[in-house]
Amino acid sequence: MSILTLLFYAIALLIVAATAMAVTRRNMVHAVLYLVLSFFGTAMLFYLLGAPFLAALEIIIYAGAIMVLFLFLIMMIRLKKLPGMFFPVGQLLPAIFICAGFLAVSSVLVGGNPEGWTPMPAAQASPAAFGVYLFQTHWLAVEIASMLLLVALVGAYVLGRRVRGPSADTRKEAP
Amino acid sequence: MNWILLTPELTLLLAAALFLVLACLKPDPRRDYQLAVSMAALTVAAGIACATMSGDLFNHVYRVDLFSQVFKALLSIGFFLVIFLCDDFQGVAPTHHGEGYFLLAVCTLSMMMLASAVHLLAIVLALELSSYSLYILVFLRRDSRWGMITGLRYFLVGASASAIMLFGLALIYGVTGAVHVDILIQRLPAMLDRPMVVTGLLLTLAGFFFKLAVFPFHFWAPEAYQGAPNPVAAFIAAVSKVAAVAILLRIISLAQGNSDLLTRGLIAMAVVSMTVGNLAAIAQRDFKRLMAFSSVAHAGYLLLGMLCMTPAGYAAAMFYGAAVLVMKYTCFMVMTRVAEDGGNLQIDELAGLHRRSPLLALALMMALFSLGGIPPTIGFSGKLIIFVAAMQKGYLVLVIIAMINVVISLYYYLLVLKAAYLDEPTRPRPAISLTIPARLVAVVMIVLIVGLGFYPVALLDLVQAAVLRLP
Amino acid sequence: MQPIDAHALLSPWQPGMLSLTLYGVVVIALTLAILFLSRWLGRHQPNDEKLRVYESGIIPTGQARLRYPVPFFMVAIFFLIFDVEGAYIFSWAVASRPLGWAGWLQIEFFIGVLIAGLIYVWVKGGLEWGPKRD
Chain A
98 MSILTLLFYA
108 IALLIVAATA
118 MAVTRRNMVH
128 AVLYLVLSFF
138 GTAMLFYLLG
148 APFLAALEII
158 IYAGAIMVLF
168 LFLIMMIRLK
178 KLPGMFFPVG
188 QLLPAIFICA
198 GFLAVSSVLV
208 GGNPEGWTPM
218 PAAQASPAAF
228 GVYLFQTHWL
238 AVEIASMLLL
248 VALVGAYVLG
258 RRVRGPSADT
268 RKEAP
Chain B
531 MNWILLTPEL
541 TLLLAAALFL
551 VLACLKPDPR
561 RDYQLAVSMA
571 ALTVAAGIAC
581 ATMSGDLFNH
591 VYRVDLFSQV
601 FKALLSIGFF
611 LVIFLCDDFQ
621 GVAPTHHGEG
631 YFLLAVCTLS
641 MMMLASAVHL
651 LAIVLALELS
661 SYSLYILVFL
671 RRDSRWGMIT
681 GLRYFLVGAS
691 ASAIMLFGLA
701 LIYGVTGAVH
711 VDILIQRLPA
721 MLDRPMVVTG
731 LLLTLAGFFF
741 KLAVFPFHFW
751 APEAYQGAPN
761 PVAAFIAAVS
771 KVAAVAILLR
781 IISLAQGNSD
791 LLTRGLIAMA
801 VVSMTVGNLA
811 AIAQRDFKRL
821 MAFSSVAHAG
831 YLLLGMLCMT
841 PAGYAAAMFY
851 GAAVLVMKYT
861 CFMVMTRVAE
871 DGGNLQIDEL
881 AGLHRRSPLL
891 ALALMMALFS
901 LGGIPPTIGF
911 SGKLIIFVAA
921 MQKGYLVLVI
931 IAMINVVISL
941 YYYLLVLKAA
951 YLDEPTRPRP
961 AISLTIPARL
971 VAVVMIVLIV
981 GLGFYPVALL
991 DLVQAAVLRL
1001 P
Chain C
1039 MQPIDAHALL
1049 SPWQPGMLSL
1059 TLYGVVVIAL
1069 TLAILFLSRW
1079 LGRHQPNDEK
1089 LRVYESGIIP
1099 TGQARLRYPV
1109 PFFMVAIFFL
1119 IFDVEGAYIF
1129 SWAVASRPLG
1139 WAGWLQIEFF
1149 IGVLIAGLIY
1159 VWVKGGLEWG
1169 PKRD
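Chains as they are written, first to last, in our numbering: chain A, 98 to 272; chain B, 531 to 1001; chain C, 1039 to 1172.
Please keep in mind that the hints were generated in silico from the structure rather than gathered at the bench.
Careful, some of the hints might be misleading.
Far from chain A, by Cβ distances over 10 Å, these chain C residues were calculated [claimed, not checked]:
(1) L1068
(2) A1071
(3) I1072
(4) S1076
(5) G1080
(6) R1081
(7) V1132
(8) V1151
(9) Y1158
(10) K1162
Straight-line C-alpha distance at most 20 Å; calculated EDC-like pairs for lysine to aspartate or glutamate [what the hints assert, rightly or not]:
(11) B:K948 to B:E879
(12) B:K948 to B:E753
(13) B:K556 to C:E1166
(14) C:K1162 to B:D558
Every residue gets a Cβ at the ideal spot worked out from N, C-alpha and C, and that includes glycine.
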């Protein structure tokens, strides 16, 4: 067992623990903070596996922008203390369903070939190598992504516009 | 790089850019509509003009061949027809017409890319682009009672389907180490006995089945159809199915017909999809919900063609995809014209249609006969070709189940027809006035339905040549 | 991409990494030291005035759990979208020399679409702050 492997398992443990905390917190803001910790762990994992650029992106986009969005969302929704069960049954059932599905898939995969394992060929890519690969081989995908973001922008605007009307009224009566 | 090969895509890109400019300008429904229709007509011209081109683009990520070009021509025709239907675009607020056209154009563009992409990354991104445009199009519904809730639900189910698909793709990549369709074709057939590969393929297909509304992934369909503005519902029901057929053929053909496990999974889905769709459709009172469940059933017929995994089966599925485009579009065209103020149409509101507009009633009758598989219509020849392809593979039981389903489906199609022809309206309604182009399109659709029923050979030859490009 | 020799100790850690690791360790140690020192050396005499929420010297009114207006959320979404676009531009920027003019054209198209989106949101008033102008 090399130091690399040790670090891998340490970080993986950190991610799992942080995510478990995030899922079980009742205070949404705490949950988001644990999620940020989990994203930092994922970034470290990417770094360890030889993808420093991906690690940077993980922090910039996930831990940065998406978590900001989550915080805004939490502030936007009126926070109400939900009494009783932590999850309503309506949410619990799909979750159980998905877990059961995942369990079935993994048991099929592991049961089908219990001895089987594949060593992951590790490789490291510098940011420059990544950029060259992305723009030379997959520039169609990059351009599609740009249009995807444009559509997201239009969608966010159209949706926000619709929500804006009624909420402006509640804003007046809120304070 | 040979940019001429990309003419249909570039035309659509130009159209999308123009529509975005329109969205920024002061809204003027008349001008917006005229520009949209002319751009759509240009797209059809480009799609048909490039139908025989072939070549590889973007470092072999994008393949232009007869298979993709036939689908692109179909998609551009569907795009034109749907845009044509937007002449009053009542379901969407006038300030958002520009956005509506823009999203329709982007969605068609991404579906064209889906037909041509041969790299999993490009396929996933194109699929996401088309899905996201559709989610927002559903949100555009002016009536907030529908748009918000159904849009959100459609989005949530769709996002989950995407996640499942990505998991499947990750499994496939993990086993084969390949993301390019050409390499997958070499490596996959030898590995098809591994459960991981079959699980990966099935999960991947799940994402595309969501688009086609096959049984376990059909929950979104009735609500999304009901909640979407009428032309958008026509787009989802008719055009997006064509793209789904294209990509499903591309993925299923990867297995090259030698996977028992995969075939069994597909058979189960096809049978349940047909049966559930048809039985649920009987109980529907809303026209769009009925059409949604009929879509689920038709997805089952399409799967029946695909799971043969023979060129004949693929050709049958492709033919039937074109047939679905024509039939579903005609139904939604009639519905959009009849529904007042872009609202939803109940089936009993069709009462007295043959007096209010004989042409629309005739178009509806032809489309419903075709959906129900009564000769001589395109739906009949399409079903016949699928059943023949399935019989060649020896799926006798499957064909019998499908035939029973066709009979069940006739029941509710005839109920709709009864409402349109025999029932008397509770209160007198005015005649529906149609513009001359609208009449022309209705006549063309009737001619297509009947003409391709009598003489399917031309289209059949075309799709048979097209599927030969698949491995 | 260079393959990694999995058996060598800390193989992907290039020399540049050592300084970054040291820097990280120093930052964490310094933060902890300052926190510890201020706690250890400082005196604790809490009273009501000290424990009140700090609002730049202004007495806070109402509670913190008010519902944020939608424009905040929209700006957050726009920020997220442009942040993701930034990620693509970073990946082009670090490889701009080897990519040459072809890469430049590709990123130009990308940025063009981005600017079209910005113009759209701007013209439609998505960036308007405060009461609506009609």
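Evaluation of the provided hints:
no.	hint	in the structure
1	L1068	holds, 19 Å
2	A1071	holds, 22 Å
3	I1072	holds, 21 Å
4	S1076	holds, 22 Å
5	G1080	holds, 25 Å
6	R1081	holds, 30 Å
7	V1132	violated, 4 Å
8	V1151	violated, 4 Å
9	Y1158	violated, 7 Å
10	K1162	violated, 6 Å
11	B:K948 to B:E879	holds, 12 Å
12	B:K948 to B:E753	violated, 25 Å
13	B:K556 to C:E1166	holds, 17 Å
14	C:K1162 to B:D558	holds, 15 Å
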